[in-house]
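There are 4 protein chains.
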Amino acid sequence: MIPFQIDTLGQPEHHSPLALSIADGDGVANFVSEETRVLFEHFVHTNRPSDTRSLELAGPRQNIFFQPQQCRAAVVTCGGLCPGINNVIRSIFIELHHNYGVQEVLGIRQGYLGLDPAHGEPPKKITSEFIEVIHTLGGTVLGSSRGPRSPEVMVDFLQSQQIDMLFCIGGDGTQRGAHAIAQEVNRRGEKIAVVGVPKTIDNDIPYVYRSFGYATALEKAAEVIRAAHVEAKGAINGVGLVKLMGRDAGFIAAGATLASQEVNFVLVPEIDFSLTGFLAALEKRLHARKHAVIVVSEGTGQHLLEKATEQDLSGNRRYADIGLFLKQKILAHFASKDFSVNVKYLDPSYLIRSVPANSADRILSDQLARHAVHAAMAGKTNMLVGHWNNEFVHVPIPAVVSEKKILDLEGQLWRSTQLATGQPRWPPAKIKG
Amino acid sequence: MIPFQIDTLGQPEHHSPLALSIADGDGVANFVSEETRVLFEHFVHTNRPSDTRSLELAGPRQNIFFQPQQCRAAVVTCGGLCPGINNVIRSIFIELHHNYGVQEVLGIRQGYLGLDPAHGEPPKKITSEFIEVIHTLGGTVLGSSRGPRSPEVMVDFLQSQQIDMLFCIGGDGTQRGAHAIAQEVNRRGEKIAVVGVPKTIDNDIPYVYRSFGYATALEKAAEVIRAAHVEAKGAINGVGLVKLMGRDAGFIAAGATLASQEVNFVLVPEIDFSLTGFLAALEKRLHARKHAVIVVSEGTGQHLLEKATEQDLSGNRRYADIGLFLKQKILAHFASKDFSVNVKYLDPSYLIRSVPANSADRILSDQLARHAVHAAMAGKTNMLVGHWNNEFVHVPIPAVVSEKKILDLEGQLWRSTQLATGQPRWPPAKIKG
Amino acid sequence: MIPFQIDTLGQPEHHSPLALSIADGDGVANFVSEETRVLFEHFVHTNRPSDTRSLELAGPRQNIFFQPQQCRAAVVTCGGLCPGINNVIRSIFIELHHNYGVQEVLGIRQGYLGLDPAHGEPPKKITSEFIEVIHTLGGTVLGSSRGPRSPEVMVDFLQSQQIDMLFCIGGDGTQRGAHAIAQEVNRRGEKIAVVGVPKTIDNDIPYVYRSFGYATALEKAAEVIRAAHVEAKGAINGVGLVKLMGRDAGFIAAGATLASQEVNFVLVPEIDFSLTGFLAALEKRLHARKHAVIVVSEGTGQHLLEKATEQDLSGNRRYADIGLFLKQKILAHFASKDFSVNVKYLDPSYLIRSVPANSADRILSDQLARHAVHAAMAGKTNMLVGHWNNEFVHVPIPAVVSEKKILDLEGQLWRSTQLATGQPRWPPAKIKG
Amino acid sequence: MIPFQIDTLGQPEHHSPLALSIADGDGVANFVSEETRVLFEHFVHTNRPSDTRSLELAGPRQNIFFQPQQCRAAVVTCGGLCPGINNVIRSIFIELHHNYGVQEVLGIRQGYLGLDPAHGEPPKKITSEFIEVIHTLGGTVLGSSRGPRSPEVMVDFLQSQQIDMLFCIGGDGTQRGAHAIAQEVNRRGEKIAVVGVPKTIDNDIPYVYRSFGYATALEKAAEVIRAAHVEAKGAINGVGLVKLMGRDAGFIAAGATLASQEVNFVLVPEIDFSLTGFLAALEKRLHARKHAVIVVSEGTGQHLLEKATEQDLSGNRRYADIGLFLKQKILAHFASKDFSVNVKYLDPSYLIRSVPANSADRILSDQLARHAVHAAMAGKTNMLVGHWNNEFVHVPIPAVVSEKKILDLEGQLWRSTQLATGQPRWPPAKIKG
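Residue numbers (our numbering), protein chains in the order written: chain A, 73 to 505; chain B, 73 to 505; chain C, 73 to 505; chain D, 73 to 505.
Keep in mind that the hints are not guaranteed to be accurate.
You can't tell identical chains apart in this list, so a pair holds if it fits in one copy or across any two.
In silico lysine to any residue, SDA-like type, Cα no more than 20 angstroms apart, as pairs [said to hold, decoys possible]:
| # | residue 1 | residue 2 |
| --- | --- | --- |
| 1 | Lys356 | Leu339 |
| 2 | Lys362 | Glu204 |
| 3 | Lys196 | Arg361 |
| 4 | Lys399 | Tyr417 |
| 5 | Lys362 | Pro189 |
| 6 | Lys263 | Pro220 |
| 7 | Lys196 | Ile308 |
| 8 | Lys477 | Asn462 |
Hints are computed from structural coordinates only; laboratory data are not their basis.
All of these numbers come straight from a predicted model, not from anything done at the bench.
Work the whole structure out from these sequences, hints included.
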């Protein structure tokens, strides 16, 4: 079996209308062929063989499956907000309409709910006027919702609307939904391309080195950490405590820590930290330096909290609030020592994800969107556009939704946060999982 | 009795070293004389007489009380953080040192605590290198603390350090402390000028039209409201709920509402709102428009919460959390109606006050600081620098600390927020106080 | 004659639909009466009488001239861009439509050109959807143009479109145009209210203490000065030279200087500086401190440049480039002294005016817009909304366009820039004008 | 010969003081071994063999060459400013001092000039206080200069100061200087590690996928393009023309174009565009859409300008101003057609490089700095820290300075800009070089 093989709707027999070249050396940007693939692993080892698997390279194909002039496309955005969603919508439309010549692009309203005509609002026709300034706005102009809908109902709707390609912007729940749609489409023998654009503020989707919105989230998170540091230094024995998004993975906390360089303790879901050890280390720090900054991911230390059994509509567990928990524990600890501390708690919550995308995320959103269009035009389906080794690649959705990306506690990023914070390992060094 | 009369240490007999003029028409900026004052009221009424009281105009005097070369000055920053404190410190130093030629300026550490040598850290000599970049930083490089200290102890310290002028940057608690110091100085027959620079993120100090930091706080608060609006629109029946600073006065909430133009309900401490009426109005709004944005000042609706009896070290009452309270009430209300809503709660807390000052606040901080120096140099004492009718003025501290400035519910600012939100009055229109 | 008397279209006989009060003490925001006016001068002098002239207070009147339901309004934006124009358009529409109930609001395209159907594009109907996000955007969504059009043609068009009130957002050229329209309307005995909203990035309109966009411009200008300072300090004998907008008035240069606190020389149109003296002072500065920052308004030192005779379409003189001139003179001066300097020239040009409005300008734009609507509704005409002594006022257009506001070289603002820069007066202290 | 082999000073015989691990699976971040390398090429081809060269992986080694306690290190910053330089300085110090325990770190002033005691200022000892807030500041706190100095003189100075390791932050000129120093050190048989940190605002250094400062530059550049677009749309036949940095490579122009999505023409040094063709295309665009945005790199179209023979002190050619040239050509072209256009020219110049680093660049700066320290500690020399395939790597300086990275006109980035702008190829499609 070829690993990471991409499903296709059939033979691409139409010529792409894009003004690109296939010749090297003519100074004209090239179409992408299937002959070049992207290595999954970029390391080579002197003491063991490398992983030689490779991923399909994304990009415009010279031959495409659909006749653009007769295509109808649809875009849907699901789940939580993320800086860049509107940029993805806009670039999908522009690439479809202005570059390929697709005449009809529908915006599905309110996530998958909008594919269920009994419950959702009808789609909106996307126009040049509609998308004109949306790249400067946070959120999603199409609305969103959480939770799955019946694949049968959704494919019925796609067929009734004569949709040829559906772009699903969302996280792992959304991509599972996209997969179910693609399977149902396939079962019916239809020719509807289902292409995912990965969206996760937590940066925890596999085969996506950096997801769109993450860079913007770090920018805002670092701003909040800066405020926490200023507060900590402005008070006597000031403790700035910042809770950041990150349900299962600490990428936001780790990245914002590196961006800030003012964090003394960074607590992420991947570590199984000892509260006693942490408080002792904090006490030592305050005695020595009279202020401290702590960053904690929302999903951290769930073993310390009473088990939360709730789930939200996407099936994500709802977490008890580790930030308020830590605040109370810190206050109680130092009260018991008769040591006066000033805890300043900052919880930016949605602020880091509802803002417009920064420049890096605008670029990334645009690229993911246009590569999604190229993929759909070529008849690729049941796949999403990943970003690996600085290349845009095609990844089968099943490979993506089978796992979550988490911090490698022995890898470069976490090592860097350890060197940047100087935080100790809290004995016993019990490792999670 | 002359209203708003300013205490002085004695006859100003020295010539100012500033290169200003007293002649009109020579194109050189002028010293300020005592002959021009600023009207307290800027209205004239056809049907009743105007208030003719006036305030002393701030600015550099041609004759000054102190010999700059032999002066020792000190600066202290107290209470909560506010964008612009470092700008005030920096401009006080620059005006004292570079323009007047004062050789010694001490930075008192950790607020009034630093004037109590038994408990605080010793002062730090302020230098050009120390202040070089602090105007770009939030917080206070001198540290801060809350709560009063003994005037006797503090004046002992000032005398031991041969301080001639003390600049007290802080809110009403701080200014009460400054007043106590000035009285103790006066009782001892000393010649130490005590000059206040008003600091309040809440913009609630009388005779100060706009306090430094307020403009920056609005900038950040409006950014958070924008995020709340984006979240509200991105979810089905989304409710963006934002809690903002404002213990006794709703200036931040009202100002940020005007800056945002996306707020549907603004709840401030000055109004005595009906929870039932509010929830009914919110329900109506959601039915009609499917999303809503609510802004609430932290001090709002304390009558609805269990009485909080705690006080912080400055003697400020600690408030129970109206934001979380409202969130719960909204959720409960709509749950009881079987109407699904998505409440997104944003509490920027310290974020709006720990950031660097924006341009408007940097200008204001600089002006307040330099006018404080001019006042101290002229031998003014027991006063602070106010900002009234776009002029900088001298105000006796007792006049300032005798009351708090609150929103006039019948005035222009509140009227504007009402027109911008379209929020109803909740019957019965019970007026607070 | 009553000074500053405002023209009206007739007796206001309709009741305002706004839910305001006329009673004091009922906790409900109040309508504004004609009985309270705003003093022009806020000073009182012990040695001479004060100016007792006063301006009409702006605000919603209980009785209005137009029946809102039957009104047709139009908005036009002219001249150069300014942060906040879209905010004014949006708030005019919202106040007209949502608060007063006006059904038809037209957006005139491309400035006064759009009032000339032979040459301009037809107007666009403004809707809630059209204005939804424009408050987050720089520029003007209606387009703009420069230069006058025939009042007869424009009034013909207003009549043909059955416009009852025209809001003219623009600078002195625009207001002169508004005045011509109002006169032509009056000549014809029509009842069309012509209300101006003053727009000037240079902050040089009389009776407008701070014009919208100015605060934002200072924010951006100060950012550029910061960059210039960083460049100056990063090189050997670095000179950061920044040219800022300001054709006839140095308010941007002066304000940005205060906001920056890193400027050593600020050169504005109001001063008649000596190049020789300036270069000598710069040389002294570089010897002493090894870097310098210079800010120059574009209209400065025109006597030094070859006479520019061009005019742009608004009739504004086109200026030769003082920034490049100074750069060359500085380089030549130090080359002649064999003293190596690194001049870093920054000309942000349009960058400071094309950005979205900051919080302060969003508030101001909203207020000016809504007060313009209140004025038009009350039948006021041939006037604009000013901002004086922190109140919104009505000012007759002729009073506004008869002069430009310039820096008072002997007043507080310029004095402050002198104290902040420490720049010398260059002998001979020849005063302009 | 092993490609990309790194020079070392000798056997690393000391144990690293860093609290890292060599075991997998213990949950502790790991030291880096020499056994894992980073592939140079990440593609695999079905029709031809891949490049199998690999680069040395950067990171902390378990065994190091220097005894940290007895080390003296020095840092020098050369050439033009770039967002993140201060972040590099700070992280080098923190990693050396706080993590490795190095006691003495000197900051060389004013670039290589500071290594020449006859001409430069003496070095400054870097302390925790000195670097406390510099990560929030643009520029370089150590100063900079351009141009080479004698390697003999510099090595004499390093020996006289007993420097064990020198960190050279700079572009290709600086790295050539570092190479000369390393060679001279080697010739003398000394044990001084010379480690480069690549700095280029233009992102044109080989083996560095994204250089620090580039992301920030894009952020600012995109802001300027946004302003240009707003200006273009605000005027009749408005043309926003933006000149951006980029002497030999168009990465800033291309990246900012993708970030903006509002650019219609992007002109970079790598293309050999036809002025006639460009003007024809612009004319077509203006007729169709009535506004246009053009971005041009400063190094573009030098064949069109009179040959500039000047060089700056670093040996870089000084370019004539393509921005002003284009502005004039556009005005002349449309004047000849009697077609009125409004050209708004924006040249942000230094503004994009003198600002503080954004979050992405702060992270990158920190990582490059700490990896440089690890390399020096391990005794690596004559190398710099690169960033390749998302890993930090060691690259021999000679490999880096032998070429410049330029845009691949047939690769993904340029293809993306073509799809985003829709700009034509101007016949004849003459390819540069």
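Here's how the hints hold up against the structure:
| no. | hint | result |
| --- | --- | --- |
| 1 | Lys356 - Leu339 | within (17 angstroms within a copy, 43 angstroms between copies) |
| 2 | Lys362 - Glu204 | between (51 angstroms within a copy, 15 angstroms between copies) |
| 3 | Lys196 - Arg361 | between (57 angstroms within a copy, 18 angstroms between copies) |
| 4 | Lys399 - Tyr417 | both (7 angstroms within a copy, 19 angstroms between copies) |
| 5 | Lys362 - Pro189 | between (60 angstroms within a copy, 18 angstroms between copies) |
| 6 | Lys263 - Pro220 | neither (22 angstroms within a copy, 60 angstroms between copies) |
| 7 | Lys196 - Ile308 | between (56 angstroms within a copy, 17 angstroms between copies) |
| 8 | Lys477 - Asn462 | both (17 angstroms within a copy, 16 angstroms between copies) |
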